[in-house]
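J.: In case you want the letters, here they are:
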Amino acid sequence: MINFDNVTKVYPNQSRPALESVNIAVAKGEFVFLVGPSGSGKSTFLRLVLKEERPSEGRIHVAGRDLARLTNWKVPYLRRRIGCVFQDFRLLPNKNVYQNVAFALEVIGKHRRFIRKIVPEVIDLVGLEGKHDRMPDELSGGEQQRVAMARAFVNRPMILLADEPTGNIDPATSIGIMKVLDRINRTGTTVVMATHDAAIVDSMRKRVIELEYGKVVRDQSRGVYGQAY
Amino acid sequence: MRSQFVLSEIWIGLRRNLTMTMALIVVVAISLSLLGTGLLFVKQVDRTRTYWQGKVELSIYLCVKTSPEPACQQNGPSTAAQRAAIDKQLASMPQVQTVYYVSQQEAYSEFRQDFSNEPALVQDTQEGDIPDSFEVKLKNPEADYSIVSSAVSGAAGVETVVDEMTILDKFYKLLDGARNAVVIIALILIVAAILLVANTIRLSAFNRRRETSIMRLVGASNFYIQLPFLLEGTIAGLIGWAISAGLLVAVKSLMLDSLDQYFSFNVGLSVGDLIEVILISMVIAVLLCGVTSFLTLRRYLRV
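Line by line, the protein sequences give chains A and B. Residue 47 is where the first sequence starts when you use the working numbering, and the numbers rise one by one after that. Residue 7 is where the second sequence starts when you use the working numbering, and the numbers rise one by one after that.
The set of hints was computed from the structure by calculation and includes no laboratory data. Remember, predicted model here, so these are calculated numbers, not experimental data. Yeah, the Cβ is synthetic: ideal placement off N, Cα and C, and Gly gets one too. Mixed in with the good hints, there may be bad ones.
Unchecked claim - Facing chain A, a subset of chain B residues (Cβ under 7 angstroms, in silico): (1) PHE11; (2) MET221; (3) SER227.
Model the full structure from these sequences, guided by the hints.
T.: The following block contains the structure:
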């Protein structure tokens, strides 16, 4: 689903590469944790998958497509197959829960009838039944992140990228968020989650890829956050 | 494509940016109406020029009893023989295209018609006060004027030779100057309008950076992201154009048409001319706003 083949990324005006000769293969339906300290290259990895950045060297395949050969005007169609969740939720403050989720479908030109059918289903899936009309500032952090996940998932993407989704949320609420991610993963969606949260990684027992200074230092199935010797 | 969604986005953009949008509309309206006025002036001058080009270029006025010129005072009114001599001379000159003799009688009736709104003047003037004349049309007015003029100006019975073009030139210069001033101001305002469009779109893009970043993220096509902004600029431009169209109608009916009242001949602009100018300014409005919005977006909405 995601294939990094010897990928190096050097940002302009920086000597040290953000990613250096990275080889990662993520299969369809996998759940992968991406761990490592700040500046280790986790965000660069996610940005490369979205083709928000181009690699300096190496090849990237996402959902069967060679990103180097993907023309600019086709990038939006790639992004329709990838859902994104962030630490800061990125909801639209002047739209309610339903409108925020529906927005993702409206802007790719989906039919009104389809939107009216699918959006409530997804809102229920993330556990926000009966909160369609709430505005983001009336919701807790955990609930806001659930809205963001509903928005990311509403178009049934093949891949869900989560950049520290529990970073702004207390541990108890984080468990609920992880349950939603797990539920999404069980529908066959590949999930890649960058995180600092050791407790979550340890409890989930999923594949862990650890980055340090832009290099893969560990790739372990059913791993934990810290080094397991 | 969901038109309702696009329309609501445009409405949100215009409303959030209200002050800038209004400034934009006003500047577009003023610059387009000035440009349109310039175009109307151009048409008016062309129309007047064409009218006069079909007319006389040289008038040779003959002596009458009341002529103040010393030559006429000495020799008295022109005689039939003198007139025949002048006519013959003019007809023999290769530069002359046509010659038309206006008798005193004709001149007097023309005079009465031209000054019909000043009855006192007409009453004081009798037939014979208005000199008869040869109205000469030249083949090449610019080059031949001085040749023909000097050939007949000393002849017996001639009072004065008047070049109609020199009189009209002053009028043309006035019109041309007014037109140039209007067009220059209009061009400066159009530059201001372009900068305002760019700024409005930039502000609009900034105001909606959250929406557009999410649109990018969920895979909205560039066209879908940019369309509300493009239409926003274009709609503001079209509103400005509509206002300028109203102003142009006013300019024509109040200014140019009242100017035409001073002429006894009809050189007024038709409704068709006005519509043509208004359509031209619409094309300019759409291009100005659409193209500027598009170029601005390419800078501020990088995908």
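J.: Taking the least C-beta to C-beta distance, is MET221(B) closer than 7 angstroms to chain A?
T.: Holds, about 5 angstroms.
J.: Is the interface hint for PHE11(B) satisfied, with its Cβ closer than 7 angstroms to some Cβ of chain A?
T.: holds (5 angstroms)
J.: Under 7 angstroms is the threshold here; is the Cβ of SER227(B) close enough to any Cβ of chain A for the hint to stand?
T.: holds (5 angstroms)
When held up to the earlier numbered hints, the structure conflicts with none and fits them all.
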